Structure formats: structure tokens, C-alpha cells
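J.: Spelled out from the first residue to the last, the chains are:
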Amino acid sequence: MTKGGRNLIVLGVVSVLVAMGTTGVSLAIYHGSGDIYLDRSRPGYLPDEEEVQEETPEEEYEFSKSGAVTKEVLDEYVKALETEIKAIDLYNEPFDEGALSDERLGL
Amino acid sequence: MCYNKNMKKRYVSFYCIMLVVFCQVLMGLTGVEAKAMTDEQRSALVLHCDAIHDSLKVLQRNDSRTRVYLGRYYETILNKLITPLNVRLVENSLSTNALIDNQNNFAKTRTNFIIDYIEYQKDLENLVALDCRVEPEKFYELLVQTRTKRKIVAEDTKRLRALAVSNLELVGEMRKKL
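For the record, the sequence lines run as chains H and P. Position one of the first sequence corresponds to residue 0 (numbering that gives the first Met the number 0), numbered consecutively onward. Position one of the second sequence corresponds to residue 0 (numbering that gives the first Met the number 0), numbered consecutively onward.
Since the hints were derived computationally from the structure, they do not count as laboratory data. From a predicted model like this one, the values you see are computed outputs, not experimental measurements. There's no promise every hint is true.
Claimed, not checked - Once the Cα atoms are required to be at most 25 Å apart in a straight line, the calculated PhoX-like pairs of lysine-lysine come out as: (1) H:Lys85 x P:Lys150; (2) H:Lys64 x P:Lys79; (3) P:Lys79 x H:Lys78; (4) H:Lys78 x P:Lys175; (5) H:Lys70 x P:Lys176; (6) P:Lys157 x H:Lys85; (7) H:Lys78 x P:Lys157; (8) H:Lys70 x P:Lys175; (9) P:Lys175 x H:Lys85.
Said to hold, decoys possible - A partial selection of chain H residues facing chain P, derived with a Cβ cut-off under 7 Å: (10) Val24; (11) Phe62; (12) Tyr76; (13) Glu102.
Said to hold, decoys possible - Restraint-style ranges between C-beta atoms, simulated for each label pair: (14) P:Val67 x H:Thr22: 20 to 30 Å; (15) H:Tyr60 x P:Thr65: 19 to 29 Å; (16) P:Asn103 x H:Leu89: 49 to 59 Å; (17) P:Leu93 x H:Ser25: 41 to 51 Å.
Even for Gly, the Cβ is constructed at its ideal location relative to N, Cα and C.
Generate the whole structure from the sequences, applying the supplied hints.
T.: Shown next as C-alpha cells:
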């Protein structure tokens, strides 16, 4: 084997090792930061079909940071906040203790 | 001589009692529950291991969905409603300490929710990875620990809802004064 050929193989091996190392570091960060638990595109966590259909991207309301503060402006704010609270309330008792109870797991 | 022996015994007893009290306080602070598994539970765990494993996986998936949606609502409330309102109130010299405290508490609790959820999910993931047939004791111990962490996340969500409602009330009071 020529010297050039050997160098090419060494370069290939080093490249693969560097790629494996950086991928490992990325995965460690992905896992350690907790992003893995929010990633719904990972296998087994993909959104349901009806869930995808539910999501109609509407333009989200944002309260303006500037302008006068009147009763009408505050009414608008209250209405927007109530909408968010109602959306939260759709999740009845989120993370309730019962889901991991002995009874529920049949223990 | 005899007096010294008695004193020594008293000191040893005193330190033993103090050690026991200290351990109990420490366990209470760290939320460790010394709940032992009964023989029936051990048998049920080994017998229904696959079913338990499946239901934990379903729970993990559902929790992920709940976390993503709730997280989005909390973010909207904080960054698109509460914070802009407070900025606008400051601009108009109408800002109140109660509303600023409410914003700070909401932001702090939201951060806790994010951290606590990660801690809970790490435990749940370890629980799913454990083979309940091979290590039932370890599995049950981790299950109890995961329950405690799930409870903390549930408390965070309750607190965040209460803070959002409290913000509504504070804004309502301000509206009356305008």
C-alpha cells in the first residue's frame, strides 16, 4: 500500500471517530438538557393523526407593550388570559398522582 | 468510676437518639418515603410486569403531550400577556407591586415546572427501562420515588393556574380603579 493510500485510510478512520465523538456529545446534551422529553418527533412519541388535524396554526394574540391603558384595553387582556386558562383547564388534573398509584398499576 | 460509666452510656444513648432524629428529618426533607413492598405486591409486580410496563409507556407518551401543550400555554401567558401588560403599565406609571410579584412568581414557577418535569421524566424513563421481573424491589423503590416527583410537577401546574387566576383578579381590581 502506498503512503498516500495509508494516509487516506487514517483520514477516513479519524473522520469517523470525530463524527462519532461529536454525535455522542450532541446526544448527551440533548438528553441532559431534557430536550428529549419535549421532542415529539422521536419514535413512539409522534402526535396522533387527530392531534395533527386539531392544530390549525392561528396567529397567536400578543398584548401590545405600548399604548394607553384603558378599560377596553384591560378587557381585551382579560379575555385573552381567560382563553388561555380555559385551554389549561381542558387538561383535567394534569400529572395526577393516581396514574402511578398501586391500584392503577394493579399492585 | 461507676458514675463515669453511666455518664458514658447516657452520652451514647443521647447521640444515638439524635442520629435517628437527624436521619428522619433528612428523609422527610428529601421526600424519601420508606414504603416497603408487600409480598402480594411483589407477586403482582412480577405477574403483571408486561402490562405495567405497557401502561408506563402510555403514561410517558401522554405526559409528553400534556407537557408540550401546557408549556406552550404557560409561555404564552408569561411572554405574550403578563410581561407586555406590566411593561405597558410601567410606561403609563400604573404599575403595581402585586402585578410585578405575580409576574416574578409565574416566571419562577414556570422554570420550576420545566426542571421538575425533566427530573420526573428521567425517573420515569429509568423505571420503564427496569425489568420488574428481575428487580421487583428496585422497581418499586423507583416507582415510589417517581410518584413523589410526579406530585411535585402536579403542584407546579396547580400553582401556575392559581397565579394566572390571581393575575386576572389583580387586573380586574385595576380596571375598577380606572
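J.: Confirm or reject each hint.
T.: Results of checking the hints against the structure:
1. H:Lys85 x P:Lys150: holds (22 Å)
2. H:Lys64 x P:Lys79: Since the Cα atoms of Lys64 of chain H and Lys79 of chain P sit roughly 9 Å apart, the hinted pair holds (cutoff 25 Å).
3. P:Lys79 x H:Lys78: Distance ~13 Å between Lys79 of chain P and Lys78 of chain H Cα, so the pair holds.
4. H:Lys78 x P:Lys175: holds (16 Å)
5. H:Lys70 x P:Lys176: Measuring from Cα to Cα gives roughly 9 Å; hence the hint holds.
6. P:Lys157 x H:Lys85: holds (14 Å)
7. H:Lys78 x P:Lys157: holds (21 Å)
8. H:Lys70 x P:Lys175: holds (8 Å)
9. P:Lys175 x H:Lys85: This hinted pair holds, its Cα atoms lying about 23 Å apart.
10. Val24: For Val24 of chain H, the interface hint is violated, since the closest Cβ of chain P sits about 19 Å away, which is over 7 Å.
11. Phe62: holds (4 Å)
12. Tyr76: Interface hint status for Tyr76 of chain H: holds (6 Å vs cutoff 7 Å).
13. Glu102: Where the cut-off is 7 Å and the nearest Cβ of chain P is about 11 Å from Glu102 of chain H, the hint is violated.
14. P:Val67 x H:Thr22: 20 to 30 Å: holds (25 Å)
15. H:Tyr60 x P:Thr65: 19 to 29 Å: Holds: the Cβ-Cβ distance is about 23 Å, inside 19 to 29 Å.
16. P:Asn103 x H:Leu89: 49 to 59 Å: violated (27 Å)
17. P:Leu93 x H:Ser25: 41 to 51 Å: holds (47 Å)
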